[in-house]
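J.: Now for the letters of each chain:
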Amino acid sequence: GESVGLHLPTLSVQEGDNSIINCAYSNSASDYFIWYKQESGKGPQFIIDIRSNMDKRQGQRVTVLLNKTVKHLSLQIAATQPGDSAVYFCAENDNDYKLSFGAGTTVTVRA
Amino acid sequence: SQTIHQWPATLVQPVGSPLSLECTVEGTSNPNLYWYRQAAGRGLQLLFYSVGIGQISSEVPQNLSASRPQDRQFILSSKKLLLSDSGFYLCAWSRGGSTGELFFGEGSRLTVL
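For the record, the sequence lines run as chains A and B.
Residue 50 in our numbering sits at position 50 of the first sequence, with consecutive numbering throughout.
Numbers given in our numbering equal positions in the second sequence, counted from 1, plus 1000.
Misleading hints may appear alongside valid ones.
As the list claims (entries may be wrong) - Which stretches of chain B does chain A cover? Using the computed rule of at least three CB atoms under 8 Å from a CB of chain A, they are:
1. 1046-1056
2. 1100-1112
What the hints assert, rightly or not - Partner residues are not named here, just some residues of chain B that face chain A (Cβ under 7 Å, in silico):
3. Asn-1032
4. Ile-1075
5. Gly-1096
FYI, nobody ran anything at the bench for these hints, they're computed from the structure.
Just so you know, even glycine gets a beta-carbon here, dropped at the ideal spot from N, CA and C.
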């Protein structure tokens, strides 16, 4: 089974609002986490990553938060735009060469 | 810069026919290479990964196989396709040595009829 999962399979957000996508992981030994964005019919694209020695990392309009105590990861998207509509996956590194992916959250941006 | 190519982009095959999906990476050497499968509306399932030429690790038992004949070439094969092999297949690479960011290809959509 998958060691990484998502709290909600879908998220609908008004354009301009902030989005929060959540992810739970089960392997406390994981030390590296990534968020990917996948548009329909395309391969996943890297958004942002974070290592376990950090609890927050910011990128352009995105922030990833890591709470190792409860094994929770979140992705925040500021001022959500129509182009942010996609499926978002969290992934964890549970050994040296592999990433395990969650089931994904579909984000739909309402105009 | 590094690029990854996989082909064909779409494929419709009858049950029992063979399969060959190819993936090549350019602009880097000794990458880790991966094949993932994604069923409709689902997450990514790791099928195979390779840390070097001729080195293949299989994650799930199935009628698929993988080969790495050259440093930057990764091939996914089957001798006889099943209906359940239908899906979206993604090749990916990461920098050799340890896991970091995975860079994905554009995917190959396989429909087995």
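J.: How about the region 1046-1056 of chain B: do at least three of its residues have a C-beta closer than 8 Å to a C-beta of chain A?
T.: holds (count 3)
J.: Per the coverage rule (Cβ-Cβ under 8 Å, at least three residues), is the region 1100-1112 of chain B covered by chain A?
T.: Coverage by chain A holds here, the residue count being 9 at a Cβ distance below 8 Å.
J.: Report holds or violated for the interface hint on Gly-1096/B, using the least CB-CB distance to chain A and a cut-off of 7 Å.
T.: violated (10 Å)
J.: For the hint on Asn-1032/B, just tell me whether its beta-carbon gets within less than 7 Å of chain A.
T.: Holds - the Cβ of Asn-1032/B comes within 7 Å of chain A, reaching about 6 Å at its closest.
J.: A closest beta-carbon separation below 7 Å is what the hint needs, so does Ile-1075/B meet it against chain A?
T.: violated (18 Å)
The structure fails hints 4, 5 (numbered hints given earlier, in ascending order).
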